[in-house]
Amino acid sequence: MKLSSVVFKGAPLLKKKFITALCLLAFLFTPLFLESIKLLPMKAGAAYASEQTAQAEKPSGPEAKSEAKKEEHPPAPKLTEKDYPQVKYINGRIMAWLVAQLHLWFAAFVLAVPILVFIVEAIGMATKDKRYDKMAYEFIKVSLTAYSITAVFGGLLLFTLVIFYPDFMKYMAGIFSPTILAYAFLFFAESACLYIYYYGWHAMETGFGKWMHLTIGWVLNVVGTVLMFFANAWVGFMMSPHGVDAAGVFEGNIWHAIHTHLWNPLNLHRTVANVAYGGSVVGAYAAYKFLSSKTSEERAHYDWMGYTANFIAVSALLPLPFAGYWLIAEIYAYSQQMGITLMGGVFAWLFIIQAVLIGALFLSVNYYLWCGMERSKGADRYTKYIKYIAFVIVACFLVWFTPHTLILTPGELKALGGPYHKYLGPLGIMPAKNTAVNIMLIFTFLSFLLYRRCNKVATVSWAPIGNAMQIAIFVAAIINIATLGIYYGYFTNTVYKVASSVPQVMSTLTVIIACLIIDVFMFKGAKEVAPLQWGKMPDRSQYALFLLAVSFTWLMGLMGFIRSAIRQHWHVYTVFRDNSPDAFTPTIGYATRIVSIGVVIFMAIVIFIFWLAHISGKKSVSKEASH
Amino acid sequence: MKIPRLLLFVILVAISYFIFKAPGIFLKQPIPSSLIVMYMFFAVVTILLWMTSTEEGMQGLVGPIKAMIEDPSKKTLRNIVFLIVPLLAGGITYMQLRPTYEAPVELRSIHPAPPSTVKVFGKTFNLMTLENPYRKVEKEDPAKFAQLVKEGGEVYFKNCFYCHGDKLDGRGHYAHGFNPLPANFTDIGTIAQLQESFLFWRIATGGPGLPKEGAPWISAMPIWENFLTEDEVWKVILFLYNYTGYVPRSWAK
Numbered sequence: 001m002k003l004s005s006v007v008f009k010g011a012p013l014l015k016k017k018f019i020t021a022l023c024l025l026a027f028l029f030t031p032l033f034l035e036s037i038k039l040l041p042m043k044a045g046a047a048y049a050s051e052q053t054a055q056a057e058k059p060s061g062p063e064a065k066s067e068a069k070k071e072e073h074p075p076a077p078k079l080t081e082k083d084y085p086q087v088k089y090i091n092g093r094i095m096a097w098l099v100a101q102l103h104l105w106f107a108a109f110v111l112a113v114p115i116l117v118f119i120v121e122a123i124g125m126a127t128k129d130k131r132y133d134k135m136a137y138e139f140i141k142v143s144l145t146a147y148s149i150t151a152v153f154g155g156l157l158l159f160t161l162v163i164f165y166p167d168f169m170k171y172m173a174g175i176f177s178p179t180i181l182a183y184a185f186l187f188f189a190e191s192a193c194l195y196i197y198y199y200g201w202h203a204m205e206t207g208f209g210k211w212m213h214l215t216i217g218w219v220l221n222v223v224g225t226v227l228m229f230f231a232n233a234w235v236g237f238m239m240s241p242h243g244v245d246a247a248g249v250f251e252g253n254i255w256h257a258i259h260t261h262l263w264n265p266l267n268l269h270r271t272v273a274n275v276a277y278g279g280s281v282v283g284a285y286a287a288y289k290f291l292s293s294k295t296s297e298e299r300a301h302y303d304w305m306g307y308t309a310n311f312i313a314v315s316a317l318l319p320l321p322f323a324g325y326w327l328i329a330e331i332y333a334y335s336q337q338m339g340i341t342l343m344g345g346v347f348a349w350l351f352i353i354q355a356v357l358i359g360a361l362f363l364s365v366n367y368y369l370w371c372g373m374e375r376s377k378g379a380d381r382y383t384k385y386i387k388y389i390a391f392v393i394v395a396c397f398l399v400w401f402t403p404h405t406l407i408l409t410p411g412e413l414k415a416l417g418g419p420y421h422k423y424l425g426p427l428g429i430m431p432a433k434n435t436a437v438n439i440m441l442i443f444t445f446l447s448f449l450l451y452r453r454c455n456k457v458a459t460v461s462w463a464p465i466g467n468a469m470q471i472a473i474f475v476a477a478i479i480n481i482a483t484l485g486i487y488y489g490y491f492t493n494t495v496y497k498v499a500s501s502v503p504q505v506m507s508t509l510t511v512i513i514a515c516l517i518i519d520v521f522m523f524k525g526a527k528e529v530a531p532l533q534w535g536k537m538p539d540r541s542q543y544a545l546f547l548l549a550v551s552f553t554w555l556m557g558l559m560g561f562i563r564s565a566i567r568q569h570w571h572v573y574t575v576f577r578d579n580s581p582d583a584f585t586p587t588i589g590y591a592t593r594i595v596s597i598g599v600v601i602f603m604a605i606v607i608f609i610f611w612l613a614h615i616s617g618k619k620s621v622s623k624e625a626s627h
Numbered sequence: 001m002k003i004p005r006l007l008l009f010v011i012l013v014a015i016s017y018f019i020f021k022a023p024g025i026f027l028k029q030p031i032p033s034s035l036i037v038m039y040m041f042f043a044v045v046t047i048l049l050w051m052t053s054t055e056e057g058m059q060g061l062v063g064p065i066k067a068m069i070e071d072p073s074k075k076t077l078r079n080i081v082f083l084i085v086p087l088l089a090g091g092i093t094y095m096q097l098r099p100t101y102e103a104p105v106e107l108r109s110i111h112p113a114p115p116s117t118v119k120v121f122g123k124t125f126n127l128m129t130l131e132n133p134y135r136k137v138e139k140e141d142p143a144k145f146a147q148l149v150k151e152g153g154e155v156y157f158k159n160c161f162y163c164h165g166d167k168l169d170g171r172g173h174y175a176h177g178f179n180p181l182p183a184n185f186t187d188i189g190t191i192a193q194l195q196e197s198f199l200f201w202r203i204a205t206g207g208p209g210l211p212k213e214g215a216p217w218i219s220a221m222p223i224w225e226n227f228l229t230e231d232e233v234w235k236v237i238l239f240l241y242n243y244t245g246y247v248p249r250s251w252a253k
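Sequence lines, in order, name chains A and B.
1 is the number of the first residue of the first sequence in the numbering used here; add one for each residue after it.
1 is the number of the first residue of the second sequence in the numbering used here; add one for each residue after it.
Treat the hints with care, as some may be off.
Unchecked claim - The calculated lysine-lysine pairs, modelled on DSS-like cross-linking and capped at a C-alpha distance of 30 Å, are: (1) A:536 - B:66; (2) A:78 - A:130; (3) B:66 - A:387; (4) A:422 - B:28; (5) B:212 - A:78.
FYI, nobody ran anything at the bench for these hints, they're computed from the structure.
Predicted, not measured: the structure shown is a model, and the values here were computed from it.
Sequences and hints are given; from them, build the entire structure.
Here it is in structure tokens:
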């Protein structure tokens, strides 16, 4: 207590401001820095094809026009190992990999939290329940330190790329310089919005001020999302270049370079995933606070906070597999090579690890909901159904991660008569996975529905009809999903197979939306049989929230690596070759070790942030007590 | 009679194990041991999650174990369990680590990723856009298409069937001399998932044309561009899809 009051008296705010200001400066000067690189003469060792062409006889007519364009925008350089600067004791690739990943984790978190906060604040305004406002404020407080760290890693990533991959950065800046400038200014705008939003919270707490505050929150989210879309444009360009010719010569239209084949799938996937991720990290924070609570009031508050964060995370988790499927389908459609590398080739087993982690997410979400039923004695009516839900979820989960490429001992290979398994083979391809994940989602929703009604009894006269309607919707959707998966997945061509995933998703969404609407009306004015007792949760349930956050983090690291690595030896796919000494495809073990190291570093920093929030909370409590 | 929770747990784990072993016992299609380990892990985890989701269930499961460890009257049972558990763990560890003469397990990927372009028959083909030139004949002139398929069939039976079999199931005369077996085209996981350009690349460049990633491939497939014409390759691809009834992977326009 004494230590914290001495060390942090006024300091964290200044420290944060100072670090953020430094990073802002770094970002603002980035375009100038990159521009200066562009003006520098190239290294002697990097004799580019464009230079060699320029020395040849100059053509005329349309060729001259093309040459003029090339002079304005040179083709992608053909680099050699010598063009990649080496720094003693530091592996450039691992450094760029880890720093980029850490930046991305924090960025996802700080982009997501304002979305959650905006929603929670709006709910608080609508319901006039002060608890929401308090929780929203606590959410944003947690994200503020993370925001500074995001900026620090962003700056570090920039320096790492400029140091280790200068020619690549020069090429990208040559095409994307307007967006880099816009990115820097948007970052500035986001910082401004965030600080006004946070520091103006109490000043704009009532009346019109609250509307102003909410509007600033809205602007903050718009700016943050657009910022991410810019970063996605660069990544999308590296994977599916557009607006350049086969040699990498930029054709001059920046919109073409931004609006690549994978840009929108990336935008959607990352936006939805960020919300789910932000919810999970805040949930982990609530679990941390719950476990360290001293009073029943604190336990109740953080139990409620954990529930709300988990609810938001799960709401975003439900549509996430569909967004992911769209992204992968588009990658496959763009390049058969990338698609097969991803799903059937060298990364196939990383996908199995991904499937296992996603399964772990579903299990932990369900477990948390099942444990949550302990909050009310009225739940006794429903706990008997948990075992059936658990059975369906684990059955779907096993199908979900059954690999297409089996690891067989010579004895098993002989017994099967080859590498193809008669019964597991069909489970290894996407129709089986899509069917399994949709049913898994529907049953996770069923867990939520049972939890929702555990403390009350519907009193409306049409309650039996409402229940029957819900059961009918569930059954019809499951039959529809299974039929679509089996018939279109195995007995028609791939166009229908891929297309059938859409009505499968629609069936799942119909169940969720229709049953929720029926439920809301059916339980309007319902009789409370046993009130929910917030805080009456077993400690073990909180570890499900930790598992959720860790699984999400690991998943993002793993899938981020896979998404980036399917370009293989290309900086920009098929246009700009990566000839650095580290341009190899890592083995599964190597890749998972690096990702895991990243996860451990991230988690250590997150725990540090939680601790900071915890001691700052102590300080406010002691202040309140002294008043 | 209500079954004690701990006993129920043991029964459910045993049933799960039996279910995963059943395809091998009754259908001669064993589930690989590597997969059984994964299946069992998550089956056990899910059973535990269900059992501990209520306080009553948690106590029912943990209570007897706690009592066995703490209750002085259960000393004999405790000693037996404390003897059996380490012995069991030691036995399993020994079975896993003991030296065997069996070849080590290989992690193979079934689908090699194609390059973006391939140079065969003296030309460079872009595999991202390459299509079977005869595919359009299927709608335009069904009679001519049937003739092309027939010609493809002749190419197949003169060249491919020795390994891939007369039923295209990868069980030709020479198949059993190879490990892994030749591709089974009737399996839903092979040509049904692929574009025709992929097959063109695989046939034309054979085993030596496989990418460095995912090696070793251990493929005996010859480089067919040395023995067949470009036309013959496209026709044999028509035959493979026509015979199996699959449609090549394509994308909605």
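Here's how the hints hold up against the structure:
At roughly 23 Å between alpha-carbon atoms, residue 536 of chain A and residue 66 of chain B fall within 30 Å of each other, so this suggested pair holds. With a C-alpha separation of about 61 Å, the suggested pair residue 78 of chain A and residue 130 of chain A falls outside the 30 Å cut-off, and the hint is violated. Note on residue 66 of chain B and residue 387 of chain A: the hinted pairing holds, with a Cα-Cα distance of about 24 Å set against a maximum of 30 Å. Pair hint residue 422 of chain A plus residue 28 of chain B holds up; C-alpha atoms about 10 Å apart against a cutoff of 30 Å.
With a C-alpha separation of about 22 Å, the suggested pairing of residue 212 of chain B with residue 78 of chain A holds against the 30 Å cut-off.
Of the numbered hints stated above, the single one contradicted by the structure is hint 2.
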